[in-house]
Amino acid sequence: MRRLEIDRDRCKACELCIEACNRNLLALDEGLNAKGYHPIAIHDEQECTSCTLCGVVCPDGCFTVWKEQKAEKSR
Amino acid sequence: MAPKRMLMKGSEAIAEAAIRAGCHHFFGYPITPQNEIPEYMSRRLPEVGGVFLQAESELAAANMLYGAGGAGVRVMTSSSSPGVALMAEAVSYMVGAEVPAVIVNIMRGGPGLGDIAPSQGDWGMMTKGFGHGDLHLPVLAPSTVQEAVDMMGLAFDLADQYRTPAVLIGDGVIGQMMEPVVFSDKPPKVFEKSGWATTGKLPNRRRNIINSLHLDPEVMEQHVLRLFEKFRRIEEQEQRHESYRLDDHPELVICAYGTTARIARSAVDELRKAGHKVGLFRPISAWPFPTRALEPVVEHTKVLFGVEMSMGQMVEDVRQVVRGRRPVRFSGRVGGVVPSVEEIVGWVKTELTAEAAA
Amino acid sequence: MATEKIVFARSKVLTDNYLSYCPGCTHGVAHRLIAEVIDELGITERTVGVCPVGCSVLAYEYFDIDVQQAAHGRAPAVATGIRRVLPADRYVFTYQGDGDLASIGTAEIIHAANRNEKMTVVFINNAIYGMTGGQMAPTTLPGMRTTTSPYGRDTALCGHPIRMAEMLNTLVDPVFIARGSLSSAKHILRAKKLIKQAFELQHDGFTFVELLSTCPTGWGQTPSNSLKWLERNMIPFFPLEVLREPGKLPPAAKAYAPDLKVADDTKKGN
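Chains as they are written, first to last, in numbering that gives the first Met the number 0: chain A, 0 to 74; chain B, 0 to 357; chain C, 0 to 269.
These aren't lab readings, by the way, just hints derived from the structure by calculation.
Keep in mind that this is a model prediction, so the values were computed, not measured.
Every residue gets a Cβ at the ideal spot worked out from N, C-alpha and C, and that includes glycine.
Treat each hint with caution, since some may be false.
What the hints assert, rightly or not - Covered by chain B, according to a simulated footprint, are these stretches of chain C (three or more residues, beta-carbon under 8 angstroms): (1) 47 to 56; (2) 59 to 71; (3) 105 to 112.
As the list claims (entries may be wrong) - Just a few of them, taken from the derived set where beta-carbon distance is under 8 angstroms, the chain C residues facing chain A: (4) Thr2; (5) Ile5; (6) Val6; (7) Ala8; (8) Tyr20; (9) Pro22; (10) Met130; (11) Ala184; (12) Arg189; (13) Gly219; (14) Pro222; (15) Asn224; (16) Trp228; (17) Arg231; (18) Ile234.
Only chain A is shown next, with the shape it has when bound in the complex (with noise of 0.2 angstroms):
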């Protein structure tokens, strides 16, 4: 279930994200991007609650988010 996408190479590691989530689920990655930046990454992704606050505080725009939606039942 895909929760979150990080565009890593448009991250420049300015970690307000990890302050926005109140899950800490964010963390810079070890590895660089294209601009030599360590970019966020996300563990535990099913913790996710999808409340976008991320993509809110993000001046990059590197974040996309989806949310989980009920199934219809049947009637």
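Here the structure of chain A is known, so what remains is to put chains B and C in place on it, guided by the hints.
Then chains B and C, alone, in the frame of chain A:
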């Protein structure tokens, strides 16, 4: 049916000519001696569904021209020397971003606040320094009210055809003088602007950007080279002048433009009556300077004599064409003093005597 | 079977270009909010933007709409030129920093506001000149160190910061004046509402949204600490509020006499 001749004050005729050339947008600021232009526009533009706005300064007015011209409409302003100085910033941006607009400069005495009397003291600024950076723009110098009327349409056409600001320079004499004029009833030319004007990006095209910033030096260089290729075309195709009594290769040629040329024309007639072979070369396009027409004149005369209401600015362009082959003299009046026919006759006679004695 | 749908993504009113702003600079946030508002109001095809001189001089690379790049401080005049000549259904906005709007451009912003030009001005106030390396701005706080106030802004020498929203609020006609902040997710979401309200009202007149913003590089702080510094130091001096909106008008908004009309005997040779 013959077009109607009307007696009009120069400033008002210039304004009316602009409206008939399809310019329905005017942004300006009061300054003597051209206030009749914005005042006329403020009355007439609402009548044709146009826009008149008095801006907070000439600086603001020129930037409004950048915005409106960039949005693809014919737009103009008018001002006088101290106010025009404030427009140099916006004009440089217009040249760099290739925004069409027309600026009318009714020159007055300077430098500084100067006075409100007629002057030709901005030739240099208009043709060489109307904004920072490597730039040129068409500058037209009418000599009569009718010529000013005809040149307004030309100025808008040049501005649109070449995507450039264009300037019309006059002085308080042309502005205040009342002369009979005829307005052309030809409909104004229409130029396609959807390829670059900011009107709102429709899905079927890329966004249009009006911009003069190019941070990459290589890109900037290419941009300037492209602008200069445009200036080269303008130089080739848009030189304008008038020759008066030069057919018999007179020994002295007065070089004058605008109001001064009218006075010089009468001086030429007086001198001819007194037996002196003189003529008049009148630049009509200040930029591009009519070098092509002046070249043979230089070859066939002995002396060139510049007369201006300045300390000698247009005469520098003459000197460049002459390249030392002939003496180039100059006399002028400044501060708003308009030289008289007798004065010009006197200067030329003195020069002819000196030449004969040499 | 559970499905998923996108609840947050980059706005399609932004181009694909990577932003050139410093890490953590809130310009990116402001750009996104404006882009989202334009998209949500369905006015992408009818909007023309004007970008300033300052860090956001390159904003024309980031918005996928028609844009004009204006000289320093002149955006309100350029926008006036655009606004007055395009059809009435267009939307026009300027995007300006504090040097651009409150220093060199003070005349242009006041007069565009006073003429009630039908536009939205987004004012990015980060109390410093970012692009040129961190000099003092008209909104720099007392005591704040910048490269041209190395001992801290001395109000005895150069006065106090200017509160532009309050200053414009002394004019009669503007329709919407508000100040928000980009210093937390909560403030950002509120700021978006202000921007949306401004765009919705701009066909009635002049709308102005001041957004308190950070400049981590100029302030010499981490992006995260910059947000906290903003909330601690800037908000007390630049209060967050809607100063003026329809139905909430300050006393200045009323002309000094009701139905004021100048008696037209000035030109009758009295």
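Do the hints match the structure? See the list:
1. Residues of the stretch 47 to 56 of chain C lying with their CB closer than 8 angstroms to a CB of chain B number 3, which satisfies the three-residue condition for coverage.
2. Residue count for the stretch 59 to 71 of chain C with a Cβ under 8 angstroms from a Cβ of chain B: 10. That meets the three needed, and the coverage hint holds.
3. With 4 residues carrying a beta carbon less than 8 angstroms from a beta carbon of chain B, the stretch 105 to 112 of chain C meets the three-residue requirement, and the given coverage holds.
4. At a threshold of 8 angstroms, the smallest CB-CB gap from C/Thr2 to chain A is about 5 angstroms, leaving the interface hint in force.
5. For C/Ile5, the suggested interface contact is upheld, since its CB lies about 6 angstroms from the closest CB of chain A, less than 8 angstroms.
6. With a cut of 8 angstroms, the hint placing C/Val6 at the interface with chain A holds, because the nearest CB-to-CB distance is about 4 angstroms.
7. Of the supplied interface hints, the one on C/Ala8 holds, with its beta-carbon coming within about 5 angstroms of a beta-carbon of chain A, less than 8 angstroms.
8. For C/Tyr20, the interface hint holds, the least distance from its beta-carbon to any beta-carbon of chain A being 7 angstroms, beneath 8 angstroms.
9. For C/Pro22, the suggested interface contact is upheld, since its CB lies about 4 angstroms from the closest CB of chain A, less than 8 angstroms.
10. Contact between C/Met130 and chain A, as hinted, is not supported at the beta carbon level, the nearest pair being about 16 angstroms apart and thus beyond 8 angstroms.
11. Taking 8 angstroms as the C-beta contact cut-off toward chain A, the hint placing C/Ala184 at the interface holds, the least distance being around 4 angstroms.
12. Annotation: interface hint on C/Arg189 violated; nearest CB of chain A at approximately 11 angstroms, more than 8 angstroms.
13. This hint is violated: C/Gly219 has a C-beta 15 angstroms from the nearest C-beta of chain A, more than the 8 angstroms allowed.
14. The interface hint given for C/Pro222 holds, since its Cβ lies 4 angstroms from the closest Cβ of chain A, which is under the 8 angstroms cut-off.
15. Against a cut-off of 8 angstroms between C-beta atoms, the interface hint on C/Asn224 is violated, since the closest Cβ of chain A lies about 10 angstroms away.
16. Residue-level restraint check for C/Trp228 is violated (minimum Cβ-Cβ distance to chain A is 14 angstroms; threshold 8 angstroms).
17. Because the beta carbon of C/Arg231 sits about 16 angstroms from the nearest beta carbon in chain A, more than 8 angstroms, this interface hint is broken.
18. Look at C/Ile234: its Cβ only gets to about 17 angstroms from chain A, farther than 8 angstroms, so that hint breaks.
Violated hints, listed in ascending order, are 10, 12, 13, 15, 16, 17, 18; each of the other numbered hints is respected by the structure.
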